[in-house]
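J.: Below are the chains, spelled out letter by letter.
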Amino acid sequence: MIHPNVRIPASASIGHGVIIEEGVQLGENIQIGHYSILHAHTIIGSGVRVGHHSILGVKPHHSPLIREVDQQISPLRIGSNSTIGHHVTLYAGSTMGQQLLIADHVHIREQVEIGDKTVIGRGVMIELNSRIGKQCTVQTLCYITGDTILEDHVFLGPAVAMANDKYMKTVAIAMTGPYLEQSVRIGSHATLLPGVRIGARSMVGAGAVVTRNIPADTVVMGNPARERGM
Amino acid sequence: MIHPNVRIPASASIGHGVIIEEGVQLGENIQIGHYSILHAHTIIGSGVRVGHHSILGVKPHHSPLIREVDQQISPLRIGSNSTIGHHVTLYAGSTMGQQLLIADHVHIREQVEIGDKTVIGRGVMIELNSRIGKQCTVQTLCYITGDTILEDHVFLGPAVAMANDKYMKTVAIAMTGPYLEQSVRIGSHATLLPGVRIGARSMVGAGAVVTRNIPADTVVMGNPARERGM
Amino acid sequence: MIHPNVRIPASASIGHGVIIEEGVQLGENIQIGHYSILHAHTIIGSGVRVGHHSILGVKPHHSPLIREVDQQISPLRIGSNSTIGHHVTLYAGSTMGQQLLIADHVHIREQVEIGDKTVIGRGVMIELNSRIGKQCTVQTLCYITGDTILEDHVFLGPAVAMANDKYMKTVAIAMTGPYLEQSVRIGSHATLLPGVRIGARSMVGAGAVVTRNIPADTVVMGNPARERGM
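Protein chains in written order, with our numbering: chain A, 22 to 251; chain B, 22 to 251; chain C, 22 to 251.
Chain A extracted, bound-state conformation (with noise of 0.2 Å):
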């Protein structure tokens, strides 16, 4: 199930099974696992492993229901020597950097940047139109709500939630996701409200829940999260 025009370099591997749509561009020495779908126009670099059933370009579903986006999407990019595991959905107009290791059952929306060297830890979910820096660490089962900005060097612990709608539905406003600063780190299961800005070098305790903006160099706890020493 491989389009006829897609050009197969012979040095990649394809597992069984695969599906490769139409004006796919592949690079050297790639691996793709089996059962796994390409969809049309995505971008892979050379170097690049993708795992089992994993779902690579997908066209974002127009629904009356959700938020309206861009019709003339761009493809997936997939920078070189980028790992992406298994049971991985990414959409169409997302770029992934080089060096970067996608892990097992995440999910990625479109319009969404991750720099080079990032971790995105297994069963991550990010939404649309978040821009993630160079050598992040995101850990196991966060989730990266829409309009997010990660500077470089920042670290999420596992389980991190946020959220970009102040109002939850009840008013239409412009969405802001938080904006994390360079070098941030958030401890395991902490809740990051809508629009929050943490200054470079913070550090949010295990469990806290952000509801204000933190300056620079700031160690926080609690519900709501306050300044504590160490």
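One or more hints might be untrue.
What the hints assert, rightly or not - Simulated restraints on C-beta separations:
#	chain 1	residue 1	chain 2	residue 2	range
1	C	R247	B	E248	21 to 31 Å
2	A	T191	C	R247	34 to 44 Å
3	B	T239	C	A221	34 to 44 Å
4	C	A221	A	D238	36 to 46 Å
5	C	Q93	A	Q52	15 to 25 Å
6	C	Q52	A	H82	42 to 52 Å
Hints were generated in silico from the structure; no laboratory data involved.
No experiment lies behind these values; they were computed from the predicted model shown.
Backbone N, C-alpha and C define an ideal beta-carbon position, used for all residues, glycine too.
Fit chains B and C to the given chain A structure using the hints.
T.: Frame of chain A, contents of chains B and C only:
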């Protein structure tokens, strides 16, 4: 791998490697993605779209380790013009309304009812015997426990969790999930304890832990959640 | 796509499109669902049932971005009469007991041991080097970090999270997950910090954040968790 007794409408678009078992009923203008599996007797309304690698109409496991379920389970029904994403697992015995959206990586067990035009976000898990009303929004990675009721127009932010077993398996009791009256709004990462009832239009702040009933038109926050001004 | 050297017992039921690599050992009366993949040398006990689209015996990724693992990893072993769900990913090097239940969408990494008759709920993610005892219950969407120990009869409610890296990658130290003694019960959405030890039969309330060791037979609640009456 389509059972010879199943009628495939000429208007249907069926992906590669799809498996359709006996007695499945398919409406007009449906789309089924690659490698999806439709178990016996599943009923798919007209205009329904199903993504890739999804599994519909699973018969519940019978295991001495988990709660026993009705052996005479009815088929899974999906109402017309609904969209089901990729990597989704839906069990037999549940009924999905019309024009709803069940996003990618969702898992819904048996005996669940979901109303028309409701949105179930990515990676949401819904346990058995729960009932979700019309035009609700259940955002990404929420966990809806068994025996839960959401009336119409309820909003759950991302990663809300619930429980239905007050005694954590130390006592044999009837289990009860939360009961959310109409237009309740729950903030991101909040926790709802077994059997709590939340009155109409009330709002629970992000990261709150709800341990008691909440009257209508009330705002609560914190751990444990207490009433506060907006 | 079954390797010619693998012996398929006459009593086995093997789904459509299943891939079985060399050296896989299959017991009597097993069932393997459609499109599931059994990597080389995986050992499946008699009476085991595996769902659809599951991937068993994955070799760990080798990446400079994540912790290095033993190159000489042993095969995945699944004990007799255990049930593995749909869309599950299990890594090589782990050992699953007998008569256990691993529900749909679960992900378990390498070097994990799980005891007999334990239930691992839907969407649970378990990191490397963890050990879970017999007759435990780990409910839906829990996150079990690396280097964690659960003794026998432990109960984790839904969406419990943990961490094992106190310094969030700022210092190179040996990582330690929580240690839960026998019959500990953890409420829904609780958070356990790195290295905490929870004494036998103690109970942690829903949404609590456990930052210190807890003695046996104690009840704690809140953020941070402190001792309270029931």
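J.: Taking the hints in turn, state whether each one holds.
T.: Structure-based check of each hint:
1. Our hint of 21 to 31 Å for C:R247 and B:E248 holds, since their Cβ atoms are close to 22 Å apart.
2. One distance hint, 34 to 44 Å for the beta-carbon pair A:T191 and C:R247, holds here, with the actual separation near 35 Å.
3. Checked against the hint of 34 to 44 Å, the pair B:T239 and C:A221 passes, with Cβ atoms roughly 40 Å apart.
4. Take C:A221 and A:D238: their Cβ atoms lie about 41 Å apart, and the range 36 to 46 Å holds.
5. In this structure, C:Q93 and A:Q52 meet the distance hint of 15 to 25 Å, their C-beta atoms being roughly 22 Å apart.
6. Between C:Q52 and A:H82 the Cβ separation comes to about 34 Å, which falls outside the hinted range of 42 to 52 Å.
Of the numbered hints listed earlier, the single one contradicted by the structure is hint 6.
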